[in-house]
Amino acid sequence: EAQVTQNPRYLITVTGKKLTVTCSQNMNHEYMSWYRQDPGLGLRQIYYSMNVEVTDKGDVPEGYKVSRKEKRNFPLILESPSPNQTSLYFCASSQRNTPSYEQYFGPGTRLTVT
Amino acid sequence: SQKIEQNSEALNIQEGKTATLTCNYTNYSPAYLQWYRQDPGRGPVFLLLIRENEKEKRKERLKVTFDTTLKQSLFHITASQPADSATYLCALASGSARQLTFGSGTQLTVLP
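Protein sequence lines, in the order shown, are assigned to chains A and B. According to this note's numbering, the stretch in the first sequence is residues 94 to 207, in order. According to this note's numbering, the stretch in the second sequence is residues 444 to 555, in order.
Next comes chain A alone, as it looks inside the complex (with noise of 0.2 Å):
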């Protein structure tokens, strides 16, 4: 079955605490990103990687990392969280890096820090 899968679904940590939420598609796409989705604003995006080793920000990159060593993963790092970074966050990927192209979801990781 195609489908982008991220873990964990549900992430519970304190303030400072390195975390890494990983991110991997079957469909071999070329294009992956991360975006946030918090009440009334959307989803914004944090990163986008449009093939391996090359990634770029978003609109929200500050606080975060990501790497692409293989076509198929696309972790997010955050390195020290803080409170404003509690989201819910979803990985998508998509077969070339145009918007002309659909955008397959994951199925969301909801975090909270405190």
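Check the hints yourself; a few may be wrong.
[Claimed, not checked] Reference excerpt, derived from the structure (chain A facing chain B, CB under 7 Å, subset only):
hint, residue
1, E123
2, G135
3, G199
4, P200
5, G201
6, T205
[As the list claims (entries may be wrong)] A few chain B residues that don't get close to chain A, going by computed Cβ distances all over 12 Å:
hint, residue
7, E452
8, Q457
9, G459
10, Q481
11, R485
12, K498
13, E503
14, L532
[Stated by the list, open to error] With a straight-line cut-off of 35 Å between C-alpha atoms, the simulated DSBU-like cross-links for lysine-lysine are:
hint, chain 1, residue 1, chain 2, residue 2
15, B, K446, B, K500
16, A, K150, A, K162
17, A, K150, B, K498
18, B, K502, A, K164
19, A, K164, B, K500
20, B, K506, A, K150
21, A, K162, B, K506
22, B, K500, A, K150
23, B, K498, B, K460
24, B, K446, B, K514
25, B, K502, A, K150
26, A, K110, A, K150
27, B, K446, B, K498
28, A, K162, A, K111
29, A, K110, A, K162
30, B, K514, B, K460
31, B, K446, B, K502
32, B, K460, A, K164
33, A, K111, B, K460
34, A, K150, B, K460
35, B, K460, B, K506
36, B, K460, B, K500
37, B, K446, A, K158
38, A, K164, A, K110
None of these hints come from the bench; they were simulated from the model. From the three backbone atoms N, C-alpha and C, an ideal C-beta is built for every residue, glycine too.
Fit chain B to the supplied structure of chain A, relying on the hints for placement.
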């Protein structure tokens, strides 16, 4: 600044009627506009894509229009059913853009 607005946060409609959702944008010249459905606690699911040179797109009970003069897209669900209840997101991108910009969504409830 660029802005995307989707009509009223919540829309209630009676089963069988046509639901019409609006996506307005300002300071934007999108080449592509996409619509997604999102159920509570789940990731968005792609529904339809329409290009700037297309006036209308249909898929089963869904219809999308794109008016670049009015800077507006309308999303219609005909013969609505309670199972259509969800949040619907519009997303835009210019031709040269590498990313979509999403609206905050409209929550649709279809009442039986």
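Hints, one by one, checked against the model:
For A/E123, the interface hint is violated, since its Cβ never comes within 7 Å of a Cβ in chain B; the closest pair sits about 11 Å apart. Contact between A/G135 and chain B, as hinted, is supported at the beta carbon level, the nearest pair being about 4 Å apart and thus within 7 Å. Restraint check, A/G199 versus chain B: the minimum CB separation of about 5 Å is within 7 Å; hint holds. Because the closest C-beta pair between A/P200 and chain B is about 5 Å apart, less than 7 Å, the hint holds.
Given the 7 Å rule on beta carbons, the hint for A/G201 holds: about 5 Å separates it from the nearest Cβ of chain B. Look at A/T205: its Cβ only gets to about 15 Å from chain B, farther than 7 Å, so that hint breaks. With a least CB separation of 8 Å from chain A, B/E452 falls inside the 12 Å interface cut-off, contrary to its annotation. With a least beta-carbon separation of about 27 Å from chain A, B/Q457 lies farther than 12 Å from that chain, consistent with its non-interface assignment.
The beta carbon of B/G459 is kept farther than 12 Å from every beta carbon of chain A, the shortest such distance being approximately 29 Å. Distance to chain A contradicts B/Q481 as a non-interface residue, since its nearest Cβ pair spans about 8 Å, not more than 12 Å. For B/R485, the non-interface assignment is contradicted: its Cβ lies about 6 Å from the closest Cβ of chain A, within the 12 Å cut-off. Look at B/K498: its CB is around 17 Å from the nearest CB on chain A, clear of 12 Å, so calling it non-interface holds up.
Here B/E503 stays apart from chain A, with its beta-carbon at least about 16 Å from theirs, past the 12 Å limit. The Cβ of B/L532 does not lie farther than 12 Å from every Cβ of chain A; its closest approach is about 7 Å, which violates its non-interface assignment. Distance check on the hinted pair: B/K446 and B/K500 sit about 23 Å apart at the alpha-carbon level, within 35 Å; holds. Distance hint between A/K150 and A/K162 is fulfilled; the C-alpha atoms sit about 17 Å from each other, no more than 35 Å.
Restraint check for A/K150 and B/K498: the C-alpha separation of about 33 Å stays at or below 35 Å, so the hint holds. As the CA atoms of B/K502 and A/K164 are separated by approximately 32 Å, the hinted pair is consistent with the 35 Å bound. Of the pairs offered as hints, the one joining A/K164 and B/K500 holds, with about 33 Å between alpha carbons and a cut-off of 35 Å not exceeded. Annotation: proposed proximity of B/K506 to A/K150 holds, straight-line Cα distance about 34 Å (limit 35 Å).
Using a Cα cut-off of 35 Å, the hinted pair A/K162 and B/K506 is violated, with the two alpha carbons roughly 40 Å apart. This hinted pair checks out: B/K500 and A/K150 have alpha carbons roughly 32 Å apart, not beyond 35 Å. Distance restraint check for B/K498 and B/K460: the Cα-Cα separation of roughly 23 Å lies within the 35 Å cut-off, and the hinted pair is therefore satisfied. Distance hint between B/K446 and B/K514 is fulfilled; the C-alpha atoms sit about 11 Å from each other, no more than 35 Å.
For the proposed pair B/K502 and A/K150, the alpha carbon gap of about 34 Å is at most 35 Å, so the pair holds. Proposed proximity of A/K110 and A/K150 is supported: the alpha carbons are some 23 Å apart, at most 35 Å. Between B/K446 and B/K498 the alpha-carbon distance is near 21 Å, which keeps this suggested pair within the 35 Å criterion. Under the criterion of a C-alpha separation no larger than 35 Å, the hint pairing A/K162 with A/K111 is consistent with the structure, at around 20 Å.
Proposed proximity of A/K110 and A/K162 is supported: the alpha carbons are some 23 Å apart, at most 35 Å. With a CA separation close to 26 Å, the supplied pair B/K514 and B/K460 stays within the 35 Å bound. For a cut-off of 35 Å, the pair hint linking B/K446 to B/K502 stands: about 27 Å separates their Cα positions. Of the supplied pair hints, the one linking B/K460 and A/K164 is violated, its CA atoms being roughly 45 Å apart against a limit of 35 Å.
Taking the CA atoms of A/K111 and B/K460, the gap is near 50 Å; set against the 35 Å cutoff, the hint is violated. Proximity of A/K150 to B/K460 is assessed by CA-CA distance (about 42 Å); at most 35 Å being required, the pair is judged violated. Restraint check: the Cα-Cα separation between B/K460 and B/K506 comes to about 14 Å, which is no more than 35 Å; the hinted pair holds. Taking the CA atoms of B/K460 and B/K500, the gap is near 20 Å; set against the 35 Å cutoff, the hint holds.
Simply put, B/K446 and A/K158 have alpha-carbon atoms about 27 Å apart, close enough for the 35 Å limit, and the pair holds. Under the criterion of a C-alpha separation no larger than 35 Å, the hint pairing A/K164 with A/K110 is consistent with the structure, at around 27 Å.
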